[in-house]
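So for the sequence shown, the working numbering puts the first residue at 1; every next one is plus one.
Take the hints with a grain of salt, since some may be wrong.
As the list claims (entries may be wrong) - The list that follows gives simulated cross-link-like pairs (lysine-lysine, DSS-like), each with its CA atoms no further than 27 Å apart:
{"no.": "1", "residue 1": "K679", "residue 2": "K15"}
{"no.": "2", "residue 1": "K563", "residue 2": "K398"}
{"no.": "3", "residue 1": "K222", "residue 2": "K158"}
{"no.": "4", "residue 1": "K158", "residue 2": "K77"}
{"no.": "5", "residue 1": "K375", "residue 2": "K576"}
{"no.": "6", "residue 1": "K679", "residue 2": "K569"}
{"no.": "7", "residue 1": "K265", "residue 2": "K67"}
{"no.": "8", "residue 1": "K265", "residue 2": "K15"}
{"no.": "9", "residue 1": "K85", "residue 2": "K168"}
{"no.": "10", "residue 1": "K679", "residue 2": "K576"}
Rather than coming from a laboratory, the hints here were simulated on the basis of the structure.
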Amino acid sequence: MGVFVMKKSRGIALKLSSLIIGLFLVLFLSYTVTTGIIIKKQSVEDAEYGTLQTAESSAAIMSERFKKANTTLQTTKRIVESMEKNKTLSTKGILDIMENNLASNDDLLGVGAIFEENSLIVNPNEAILVDSQKRFGPYLSKNDNEITTTLIEGLDDKNVSQWYWVPKEEGRTVLTEPYDYSVNGQTVLMTTISVPLVNASGKFFGVLTADVSIDYLNELTKSVAPEGGYAAIITNNGVLTANSFGKELDGQNMQDDPAWTSIRKTMENGELTSMYIDSNELKDKAYNVFAPMILEDIDETWTVQIVLAESKILETYNHVFVYTIIASIIMVALMTAASVLFIYKQLKPLKFLRSSIETAAGGDLTQKVEEKYIKQDEIGAVALAYNNMLDKTNSAIKAVLNSTTLLNQSSNQVHEAFNEIVSSSQEVSVAINEIAQGASKQSEDTEETNYRMMDLSDQIDAITALSNEMDELSLKTNVTTEKGMQEVQSLHEHNIGTNEMNGRIQQQMELLASNIANINQIIGSIQSITEQTNLLALNASIEAARAGEHGKGFAIVAEEVRKLAEQSKNETEVIKSTVESILENSQQTVAVIASNAELMQSQNESVQSTQLAFKDNSDLSRAIATSISELMTQLSTMLEHKNQAIMSIQSISAISEETAASAEQVSASAMDQQAELQKVAESMQNMNDISNELQEVVNRFKLA
């Protein structure tokens, strides 16, 4: 019997734990990736939206500061143009308006005006405010809270005096590029807004101008600069005039950047724009927002630039990602420990069930799963079913063992009986051969007598001598006949013994057939138990499949139970095949015995016929002896009885031939009987070998 050994494999607790943790990791990673994408997208959107709002609000703040100065100039423009139309325009009025504007607006560092020649009447005391081109050009500036008035000079240099020439030549309001200006011993960053003055007929007659301090832009950029980025103010010509990053950026011209052309067009349309650009200052890819400063009637557009590093935008996302990784590691460690402990505790009974199954596979059916290891769950149900199977298997194999022992004993008895039958058959065969030889000799002698009687008429003269010879032959015939009678009697007695032995053999074979029938019933019971066990294993496999990955260990146990049931079924098939072979041999033995009984019946009939023939022969021999005696005394009447003697001799010859034929038939029957008995002996030996093999198979099991 092969010993079942379970292959070494990884523990089911490790497999289930790996499955659970793997599934958790997949779900957690899916959740993390999805959440990360959402958080990243939201972080980027929030940062971009906040940057856009900051840029837009900064542009609004800057626009509001410039708007105040522009509104002052526009209002003054309308007043002056109205005065010019009404012919009330005077230098004093102009100076008063300008002084009032300067005093009322803290952002204004100075205000000025240029009136073309003959645009108004200049008082003699104000002649110092007229240039060489007869233009009245007062400039009022603050100096320690005092307002001073001076003449505006240098108007002929168009590069320096664009604030004058653009309104004059283009007839529009202009915002100049920033420039430094010394006020009270300090250098101040400022810009100029100028508006043209046009009379009712549309003729240019002067310019109103205001110098606006833009030092506040540095503070503005610092206040709106995002963490991890910077803010900057870009003029209409693309010059960075203020920024929060550092002085080294001031004065940089954005026109050197190929992207500035498209940005400028967007700014001129009054729209915000944004883009990601590699920042040399931040050493990172950065999100850039450009917001235009919109001023009524001014074509020049200044831009607020907010720059935010992409790494800063993704900072929250990166922190969340790191925290997620740390949390996942902690959760995986906790889940691993909890899963392994729980699954190991739940599957611990399988260890004892496996040990019992391996022991049973080795033929030891005494080890069961102890009740203290059996829980009220599916694994416990399998363990209980396995214990029940061991009990039933023990009972079935014990019954097979008992029946096998009885079968072995009966087989030995039958074997011994057949040995006796074979020995007797050999003796009968020898006796029959001797009878056949005597009958043959008798036939020859009778034939010889017949010939002599036929020659009696020719040899009447020698009758006396022949009578003596006949007397001797008669004595020999009598002796041979008596011996034949004795052999026939011995054969008859042997036949009686053979019949009795056949009866005993038939009884033993009936007992053997009964035992074989009992074994077949037991084998049927074992097969039923095996089928139930196999069905139980199938049900267990189905339950394991329903349990999914958690039931894989249960499926392994069910598979081992099924294999054990299959092994029991195979062993049962071997036993069944062996018993069927015994039954077949028994049936052959019964057939041989039946054939032997028929032969014995035929032999009995032949023996009876031979006995009758020998009896008749004995009677005839005595009659011949009497006749020979009478022949000696009644030789004279021999001729009269010659024909009768011849007829008697012929009758004797026929009987002798019949006796010889019967003897030969009995001899042939005896030989056939011995051959059949030899087959029976071989069948009994085969049955004895099968019985011993069955005994050896059953003895492999260790029973409780």
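Pair hint outcome, K375 versus K576 [Cα-Cα no greater than 27 Å]: violated, 37 Å
Satisfaction of hint between K15 and K265, Cα-Cα up to 27 Å: Given that 27 Å is the threshold and the Cα spacing comes to 65 Å, the pair is violated.
Satisfaction of hint between K77 and K158, Cα-Cα up to 27 Å: Holds. K158 to K77 sits at ~23 Å (cutoff 27 Å).
Distance restraint between K222 and K158, which requires alpha-carbon spacing of 27 Å or less: Outside the cut-off at roughly 35 Å; violated.
Hinted pair K679 and K15, Cα distance within 27 Å: Between K679 and K15 the Cα gap is close to 64 Å, so the pair fails against 27 Å, i.e. violated.
Holds or violated: K265 to K67, with C-alpha atoms at most 27 Å apart: Holds. K265 to K67 sits at ~22 Å (cutoff 27 Å).
Restraint status (C-alpha distance of K85 to K168 at most 27 Å): The given pair, whose Cα atoms are some 19 Å apart, holds under the 27 Å limit.
Given hint K569 paired with K679 - CA-CA distance at most 27 Å: The hint is violated at about 34 Å.
Restraint status (C-alpha distance of K563 to K398 at most 27 Å): holds, 22 Å
Pair hint outcome, K679 versus K576 [Cα-Cα no greater than 27 Å]: Measuring from Cα to Cα gives roughly 24 Å; hence the hint holds.
Against the hints set out earlier in the document, violations occur for numbers 1, 3, 5, 6 and 8.
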